[in-house]
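A.B. asks: Top line first, the protein sequences correspond to chains A and B. To convert, take the position in the first sequence, counting from 1, and add 104; that gives this note's numbering. To convert, take the position in the second sequence, counting from 1, and add 1059; that gives this note's numbering.
Please note that a few of the clues may not be correct.
Said to hold, decoys possible - Keeping only pairs whose Cα atoms sit at most 25 Å apart, straight-line, the calculated SDA-like set for lysine to any residue is: (1) B:1111 - A:112; (2) B:1062 - A:162; (3) B:1062 - A:204; (4) A:111 - B:1101; (5) A:111 - B:1100; (6) B:1111 - A:202; (7) A:111 - B:1104; (8) A:111 - B:1163; (9) B:1062 - A:169; (10) B:1062 - A:141; (11) B:1062 - A:189; (12) B:1128 - A:204; (13) B:1062 - A:145; (14) A:111 - B:1105; (15) B:1062 - A:165; (16) A:169 - B:1163; (17) A:111 - B:1099; (18) B:1111 - A:205; (19) B:1062 - A:144; (20) B:1062 - A:140; (21) B:1111 - A:207; (22) A:169 - B:1122; (23) B:1111 - A:105; (24) B:1111 - A:217; (25) B:1062 - A:201; (26) B:1062 - A:111; (27) B:1062 - A:142; (28) B:1062 - A:205; (29) B:1062 - A:160; (30) B:1062 - A:203; (31) B:1062 - A:163; (32) B:1111 - A:141; (33) A:169 - B:1162; (34) B:1111 - A:203; (35) B:1062 - A:164; (36) A:111 - B:1098; (37) B:1062 - A:143; (38) B:1128 - A:160; (39) B:1062 - A:148.
Bear in mind the hints are in silico, worked out from the structure with no lab data behind them. Everything numeric in this text was worked out from a predicted model, so none of it was measured.
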Amino acid sequence: SAVISQKPSRDICQRGTSLTIQCQVDSQVTMMFWYRQQPGQSLTLIATANQGSEATYESGFVIDKFPISRPNLTFSTLTVSNMSPEDSSIYLCSVRTNGDTQYFGPGTRLTVL
Amino acid sequence: DAKTTQPPSMDCAEGRAANLPCNHSTISGNEYVYWYRQIHSQGPQYIIHGLKNNETNEMASLIITEDRKSSTLILPHATLRDTAVYYCIVRPAGVISSGSARQLTFGSGTQLTVLP
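The following block holds chain B by itself, in its conformation from the complex:
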């Protein structure tokens, strides 16, 4: 039961901004949007997360639409090392507890290829 939808693949020119879309039309009010990426043969790397406001850190920016049904991860100046599979995941916030409902459920993600 997929909670997010992402394009399977995207290309981006080196030095340009990479904009990765994600649809999460059934997101609940207490669910955050998380982004991770996985470079080939490595463990997933946390990028950013947000609830409803736009967020920015040293790696990327996260733009969430006002209705929260979609979001875009922006890598402002893509490099060859940004080539990876990018995962958009929704997960409830709240007190720390066990249980599958608060787990990160990974879909297929978007394979981003940065071209020289």
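Same shape as in the complex, but just chain A:
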């Protein structure tokens, strides 16, 4: 398995500002992902964080809004830029281990006023 931590666990932000969420894994993993869960909804994949190259974004998500970094095999960041109330969600980091099972972090609960 993999132990995943996220910072911050929650935040309340003002419209127009940006927030960077950190994800740390206790072991080296090839695949890291970022998901969003809007209130009352299921999880939606934002992007795959690729180590050493640009992230791969899903339809409806763009790099300018959700820039992602992946400097090494245990760490990634997701930035939510120019926030609006519609960005209020839980943001989840996820990793896939060499055993091909996927694990999730505890999430970052973001509220945008």
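Here the structure of chain A is known, so what remains is to put chain B in place on it, guided by the hints.
C.D. replies: Coordinates of chain B only, in the frame set by chain A:
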């Protein structure tokens, strides 16, 4: 394009077995069945997965029908802490690679409520 169908909600008495069904009638030969659960305000927790044989671990058992078109997750002795949304997901196996086709696609899941 939903690949799995689950009942929206179920209740179970504490101490009894919770049997959560999932239909995946269009599952392909190389697709695994994964189960996750999400307790309120937490990240999803991996429970179990299987291809065609029944599987058991310390959390649950997974029973997959012979035609693989449906499966049942069994929590043998449900406790109040098992109250959560349970997600049944099918995903191709194979070499580790990027690409949406191998992503976990979450549906609506089943809200399991364990009653005292």
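A.B. asks: With reference to the structure, classify each hint as holding or not holding.
C.D. replies: Quick rundown of the hints versus the structure:
no. : hint           : result
1   : B:1111 - A:112 : 40 Å, violated
2   : B:1062 - A:162 : 19 Å, holds
3   : B:1062 - A:204 : 20 Å, holds
4   : A:111 - B:1101 : 14 Å, holds
5   : A:111 - B:1100 : 15 Å, holds
6   : B:1111 - A:202 : 21 Å, holds
7   : A:111 - B:1104 : 19 Å, holds
8   : A:111 - B:1163 : 23 Å, holds
9   : B:1062 - A:169 : 30 Å, violated
10  : B:1062 - A:141 : 20 Å, holds
11  : B:1062 - A:189 : 31 Å, violated
12  : B:1128 - A:204 : 22 Å, holds
13  : B:1062 - A:145 : 17 Å, holds
14  : A:111 - B:1105 : 21 Å, holds
15  : B:1062 - A:165 : 23 Å, holds
16  : A:169 - B:1163 : 23 Å, holds
17  : A:111 - B:1099 : 19 Å, holds
18  : B:1111 - A:205 : 17 Å, holds
19  : B:1062 - A:144 : 21 Å, holds
20  : B:1062 - A:140 : 20 Å, holds
21  : B:1111 - A:207 : 22 Å, holds
22  : A:169 - B:1122 : 42 Å, violated
23  : B:1111 - A:105 : 22 Å, holds
24  : B:1111 - A:217 : 48 Å, violated
25  : B:1062 - A:201 : 24 Å, holds
26  : B:1062 - A:111 : 33 Å, violated
27  : B:1062 - A:142 : 21 Å, holds
28  : B:1062 - A:205 : 19 Å, holds
29  : B:1062 - A:160 : 23 Å, holds
30  : B:1062 - A:203 : 23 Å, holds
31  : B:1062 - A:163 : 19 Å, holds
32  : B:1111 - A:141 : 31 Å, violated
33  : A:169 - B:1162 : 22 Å, holds
34  : B:1111 - A:203 : 18 Å, holds
35  : B:1062 - A:164 : 21 Å, holds
36  : A:111 - B:1098 : 19 Å, holds
37  : B:1062 - A:143 : 23 Å, holds
38  : B:1128 - A:160 : 32 Å, violated
39  : B:1062 - A:148 : 15 Å, holds
Hints 1, 9, 11, 22, 24, 26, 32 and 38 from the list above are not met by this structure, while the remaining hints are.
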